[in-house]
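Number of protein chains: 2
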Amino acid sequence: MGHGVVGGGVTEILLKHADQIAKKVNEEVYIKKVLDLREFPDSPIADRFTKDFNDIISDDEISVVVEVMGGLNPAYSFVKQCLEKGKSVVTSNKELVAAKGAELLAIAKAKNVNFLFEASVGGAIPIIRPLHQCLAANEIEKINGILNGTTNFILNKMINDNMSFEDALALAQEKGYAERNPAADIEGHDACRKICILAALVYGTHVYPESVHTEGITKVTLKDVEYAKAWGGAVKLIASARKNGSSVEIITAPMFVSGDCQLSNVDGVYNELLVRGDSSGTIGFYGRGAGKLPTASAVVADVMDCVLHKDVRRDIMWEDGTGANVLPYESYVNAMYVLCGADDAAAALAKADEIFGKCEKIEKDDSESGELAFITPELAYSEFTARCAEFGKAADVKATMRVAKI
Amino acid sequence: MGHGVVGGGVTEILLKHADQIAKKVNEEVYIKKVLDLREFPDSPIADRFTKDFNDIISDDEISVVVEVMGGLNPAYSFVKQCLEKGKSVVTSNKELVAAKGAELLAIAKAKNVNFLFEASVGGAIPIIRPLHQCLAANEIEKINGILNGTTNFILNKMINDNMSFEDALALAQEKGYAERNPAADIEGHDACRKICILAALVYGTHVYPESVHTEGITKVTLKDVEYAKAWGGAVKLIASARKNGSSVEIITAPMFVSGDCQLSNVDGVYNELLVRGDSSGTIGFYGRGAGKLPTASAVVADVMDCVLHKDVRRDIMWEDGTGANVLPYESYVNAMYVLCGADDAAAALAKADEIFGKCEKIEKDDSESGELAFITPELAYSEFTARCAEFGKAADVKATMRVAKI
Chain A
47 MGHGVVGGGV TEILLKHADQ IAKKVNEEVY IKKVLDLREF PDSPIADRFT
97 KDFNDIISDD EISVVVEVMG GLNPAYSFVK QCLEKGKSVV TSNKELVAAK
147 GAELLAIAKA KNVNFLFEAS VGGAIPIIRP LHQCLAANEI EKINGILNGT
197 TNFILNKMIN DNMSFEDALA LAQEKGYAER NPAADIEGHD ACRKICILAA
247 LVYGTHVYPE SVHTEGITKV TLKDVEYAKA WGGAVKLIAS ARKNGSSVEI
297 ITAPMFVSGD CQLSNVDGVY NELLVRGDSS GTIGFYGRGA GKLPTASAVV
347 ADVMDCVLHK DVRRDIMWED GTGANVLPYE SYVNAMYVLC GADDAAAALA
397 KADEIFGKCE KIEKDDSESG ELAFITPELA YSEFTARCAE FGKAADVKAT
447 MRVAKI
Chain B
47 MGHGVVGGGV TEILLKHADQ IAKKVNEEVY IKKVLDLREF PDSPIADRFT
97 KDFNDIISDD EISVVVEVMG GLNPAYSFVK QCLEKGKSVV TSNKELVAAK
147 GAELLAIAKA KNVNFLFEAS VGGAIPIIRP LHQCLAANEI EKINGILNGT
197 TNFILNKMIN DNMSFEDALA LAQEKGYAER NPAADIEGHD ACRKICILAA
247 LVYGTHVYPE SVHTEGITKV TLKDVEYAKA WGGAVKLIAS ARKNGSSVEI
297 ITAPMFVSGD CQLSNVDGVY NELLVRGDSS GTIGFYGRGA GKLPTASAVV
347 ADVMDCVLHK DVRRDIMWED GTGANVLPYE SYVNAMYVLC GADDAAAALA
397 KADEIFGKCE KIEKDDSESG ELAFITPELA YSEFTARCAE FGKAADVKAT
447 MRVAKI
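These protein sequence lines are chains A and B, in that order. With the first sequence counted from 1, adding 46 to any position gets you the working numbering. With the second sequence counted from 1, adding 46 to any position gets you the working numbering.
Just so you know, these hints were derived from the structure itself, not from any lab. This structure is a prediction, so every number in the text was calculated from the model and none was measured. Treat the hints with caution; some may be incorrect.
Copies of one chain are not kept apart here, so a pair can be met inside one copy or by any two copies together.
Dumping the calculated DSS-like pairs for lysine-lysine here, alpha-carbon to alpha-carbon at most 25 Å [to be verified]:
id, residue 1, residue 2
1, K157, K126
2, K203, K62
3, K356, K157
4, K155, K69
5, K439, K275
6, K275, K407
7, K69, K146
8, K70, K356
9, K410, K97
10, K126, K97
11, K188, K451
12, K188, K338
13, K69, K356
14, K404, K289
Put together the whole structure using the sequences plus the hints.
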């Protein structure tokens with residue numbers, strides 16, 4: 047269902063690797079129907095297109111349905127009907143999984159079919175299955191990742207080429223990395239959906255994106271990026287979930303990332319996820335988080351898994367959530383970067399020390415006079431904002447940003 | 047079977063996370079017997095130790111056997127008997143899998159049980175299952191990795207702290223990263239076994255370590271390491287397998303790795319594997335490649351998989367191999383690093399250009415006079431050695447090393 051970029055890639059891989067795939071799953075994987083409202087007269091399977099969902103839902107020969115339409119509607123309704131009809135569903139649609147995952151997994155369980163979504167997080171990077179299976183003997187302490195390639199590309203252009211946010215966004219659009227309406231990427235919603243899916247998978251309770259404090263990168267300035275570099279790190283859009291007792295701290299926001307952390311070096315449109323288990327230590331997963339063939343290859347692998355496990359459900363499952371297990375973001379503890387205007391930088395730093403506790407001044411060769419940047423000690427965010435208001439009486443606070451705890 | 051470092055970790059995790067594990071696999075995972083010739087009177091399961099393998103093989107209640115004894119004998123005989131008796135086996139023993147994988151997988155298939163070995167490559171890092179399942183829709187073009195943490199620790203001490211190979215090895219032994227007899231690590235055999243397992247998994251034919259050209263790091267000097275740094279990269283022990291038609295190029299050797307490649311930055315005892323699929327692009331896996339709990343957590347995850355899939359075999363399988371699909375290493379094409387003594391460096395470089403084709407001189411601030419280091423164009427190894435012999439008439443060749451193609 048859906049013959050856009052990813053759908054076209056799925057078709058391409060299924061046709062190109064038909065023999066290899068058949069050998070691996072012990073039967074032919076045949077594309078019976080493709081649902082799309084558009085016409086594709088030049089497709090090698092042009093005769094199998096339909097505009098009518100009923101052609102799919104009512105066809106008992108179709109045992110696995112791929113949903114790569116994106117968006118919540120009509121994907122949600124279609125997927126739900128397919129599962130209820132006893133068809134396994136594979137999707138790359140993070141919006142759908144983040145909004146309806148618990149419900150759809152419950153239907154899949156009741157019908158003893160699979161609902162798989164490896165491609166919804168990290169494109170081609172194996173994440174869902176390794177987290178679920180390979181790290182199953184671990185208690186997962188925290189997950190931190192760069193889960194949106196578009197924003198990482200933009201930030202890297204700012205970091206490496208001194209490009210403004212606006213210019214870097216325009217370049218990303220020109221290269222096809224960013225949509226014409228880039229809000230889902232640059233406002234952080236895409237990364238937020240992905241960390242919600244991972245948190246649900248790992249901690250067992252659905253986390254709805256609305257419960258998660260989400261900041262995009264639109265307010266990140268070249269000055270912030272320069273100070274992060276001078277500090278020895280980089281500004282990255284970090285999606286983070288960590289266990290805190292029986293609750294979860296979860297947030298998506300641009301953060302200062304230390305230079306000795308692998309996430310500070312992730313290039314271009316790549317994604318990287320770091321997972322810390324109590325036994326495994328930190329494990330990293332790296333690769334292309336989006337794109338036609340990378341995403342499609344993850345979809346096809348899930349299809350193959352469905353075919354191989356027709357009568358044995360994958361036991362991926364989580365409970366529905368109310369947001370009650372999500373701690374309020376004001377309580378999350380981070381060191382903070384503060385940029386301020388101050389005629390007397392030394393006096394302002396002394397004031398900062400007094401208010402926040404001993405701060406670390408960031409030395410930058412070409413600092414403008416009348417400007418001061420520093421890192422505070424670790425503080426709960428509510429405490430930080432209160433003290434920052436106090437500090438704002440003595441200096442002109444221009445920007446603040448969290449320092450990632452990875 | 048085996049209550050050494052990893053075996054102790056397996057027990058620890060199974061006891062510590064008993065409830066969580068039971069919940070995930072829908073039944074209790076109970077340690078019925080532990081085989082070890084030593085006594086463990088203080089173990090919480092001291093009453094379950096046995097010195098007699100027959101207590102395990104003849105106990106029909108034991109459905110999954112963990113082999114973490116290491117070494118080929120008696121592990122091979124014990125594992126074979128367990129599989130033939132219809133018990134699933136989980137192992138962390140790379141020597142066993144590299145030497146007997148095809149045979150043991152065939153027995154497991156015939157008996158419809160599982161033979162799993164996620165922990166044999168990369169410790170806690172999920173590699174086997176992601177390669178097999180998540181990247182199943184890809185044709186894997188190449189695999190390159192740092193698969194031995196001990197040698198990576200030693201090389202990094204040479205790189206970062208200017209320590210000699212001997213001192214770095216002594217430090218690794220002091221820290222418990224290297225065995226008292228470190229040959230398997232420093233001679234490259236451990237990394238070679240792991241790349242053999244991955245090549246078999248990905249290309250479908252067993253590759254015996256004896257078929258693979260393997261060089262360790264014992265001949266790497268501080269001077270090589272410094273020239274690699276001056277060139278903009280690092281010396282790393284690289285295990286590499288790549289598809290070439292229906293054959294495989296496979297090698298384990300120290301190589302110059304370019305600074306913009308993720309493998310050049312892998313720290314300490316960490317491992318990293320880069321896999322390139324035709325659709326996925328390059329995917330990276332990173333983490334602790336050894337150690338008690340990391341390795342044990344991978345073993346326990348495999349045990350859980352066996353319990354969950356009692357009647358459904360994982361379809362991991364490869365054919366036995368004769369080495370016929372392994373191309374001779376003399377034909378592998380690499381650029382080469384050459385270090386030589388030369389009274390007239392300019393003349394020697396001109397000679398090198400003449401013999402190898404246009405070479406790239408490595409500029410190093412503190413180069414000794416009478417010394418020259420350069421990188422040749424890409425050449426088949428047999429061609430390189432022939433031309434190097436010719437070049438040796440004009441200069442005193444002190445060291446050569448491959449430049450990794452990743």
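Hint by hint, here is what the structure shows:
no., hint, in the structure
1, K157 <-> K126, "within (11 Å within a copy, 39 Å between copies)"
2, K203 <-> K62, "neither (35 Å within a copy, 46 Å between copies)"
3, K356 <-> K157, "both (12 Å within a copy, 21 Å between copies)"
4, K155 <-> K69, "between (28 Å within a copy, 16 Å between copies)"
5, K439 <-> K275, "neither (28 Å within a copy, 49 Å between copies)"
6, K275 <-> K407, "within (13 Å within a copy, 31 Å between copies)"
7, K69 <-> K146, "between (34 Å within a copy, 24 Å between copies)"
8, K70 <-> K356, "both (14 Å within a copy, 20 Å between copies)"
9, K410 <-> K97, "neither (60 Å within a copy, 66 Å between copies)"
10, K126 <-> K97, "within (18 Å within a copy, 55 Å between copies)"
11, K188 <-> K451, "within (10 Å within a copy, 34 Å between copies)"
12, K188 <-> K338, "between (30 Å within a copy, 21 Å between copies)"
13, K69 <-> K356, "both (16 Å within a copy, 23 Å between copies)"
14, K404 <-> K289, "neither (28 Å within a copy, 56 Å between copies)"
This entry does not satisfy hints 2, 5, 9 and 14, going by the numbered hints stated previously.
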